[in-house]
Amino acid sequence: MNKIGEGLSCSSKSEVDGELVYIKTIEDVINLFDSASGKICIVDDAGITTLSPILSELVGTICTTGSAGSHLAIVSREFGIPCIMGIKLSIEDIASLNGKRVKITHDGKDNGILYLIK
Amino acid sequence: MKYVEFLSEAKPLLNLFGGKGSNLIDLIRLGINVPPGFIVSTNSYNKFLGDSHLRDQINQILSIEYTQKDVLNISEKIKNLFQKSRIPQEIIYEIKDALYEIWERNPDKISFSVRSSANVEDSKEFSFAGQAESYLNNQTLEEILKSIKNCWISLFSPQALLYILQMQKKKKNEKKILIDLKMAVIVQQMVDSQISGVLFTVNVLNNSLNQMLINSTWGLGQTVTDSSIIPDLIILNKDPFEIMKIIIGKKEKKSVPNPKGSSTILVDNKPELQNKCSLNESELYDLYNLGVKLEEYFNYPQDIEWAIKDNILYTLQSRPITSLKLNK
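One line per chain: the protein sequences are V and S, in this order.
Using our numbering, you'd call the opening residue of the first sequence number 47 and step up by one each time.
Using our numbering, you'd call the opening residue of the second sequence number 9 and step up by one each time.
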């Protein structure tokens, strides 16, 4: 298991793993609609409120910006799923992570950690 | 007036002014500094839907089975219907009257924020509707009318249609709920803030009730809620007041009114401001006092949106923290 990122753990502190899906547009949400179950979604800029319709199916959310007061963090808390905001990734090309199995853990303080499962 | 009511004169009525609107009316009655403005009530939305026969047309569109592949089309179709229909004159007259009253009191150029206020309490079943549409920096009557229509249209956004599909998947029959929702619209003087953000009266990271959490940045606050930057993060101790932790964000950009009007733009933040905490101790203390007051008044932890302009603190919204599981 390789650590690939760390950010603010804004919601549930449970450990989860699942397939990572990189979401950029509402079309990506539509394509994921029937197969969102058990996935972890990562987004990297504004406009992410579009995740709301599939949030009840996801096991985790990640964003490269934002903080505890961002809309994505608020709705993730409502659904009780782990959420890492403002994650700093060691891998520059997020798209290369699309479809990979990842794990979210927490350091017991305020940080959430993202691992790539080999 | 029948369709429009000043915030300072209205009573908090969920069905007429929506959740957010009623909440602002409550805040004003409590003496909190809320930007002045008026609400276009759900009566206006109903009259518009009725006069333009949109209600029947939308019902017809939504009565046909659809899948996720259709939502962009359906949403676009409904949006076009709204845009082709005229807002009834009676409503426009009242909006105009209210605007002239505000303009008379303000010789300087002012702009308005236009925000949606659906008649549902903030809850996760309706987070698509509770998710406010905000249109900032409206200056003319035409811009304001257009933004009001956009707030109404947002009830039928692709996200909302997807949300309904998701509920159906879970065997809840919620199909007609979109047309049953009513939308009020809040038109307020926009605070062209130097600093803004959100304040939670508990630390939502660890649910500690004796701490508050603040996210803060330079410029308008939408960069905090829409995650286009990493704001500053501040944890306060509640009893007694103490600054426990400050984590400086990455505030490379800030949102400001578009000088050309009717929108906002993201501009580069001055380098010396990017790594400077956007709040000083006295501002933190003011926010702390606001948090204590609102939590006590509503008797529940609050999620507060605020803005500071020329050292004056404005409250833009206060709602219960929806994710807490408190033993009340």
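Just so you know, these hints were derived from the structure itself, not from any lab.
If you're wondering where the values come from, they're calculated on a predicted model, not measured in any experiment.
Be a bit skeptical, because a hint or two may be false.
As the list claims (entries may be wrong) - Label pairs and their in silico Cβ distance ranges:
#1 S:THR148 - V:SER81: 41 to 51 Å
#2 V:GLY126 - S:SER290: 33 to 43 Å
#3 V:LYS59 - S:TYR74: 34 to 44 Å
#4 S:TYR74 - V:GLU65: 25 to 35 Å
Glycine is no exception: its CB is placed at the ideal position from the N, C-alpha and C atoms.
Hints the structure violates: just list their numbers, smallest first.
Violated hints: none; all satisfied.
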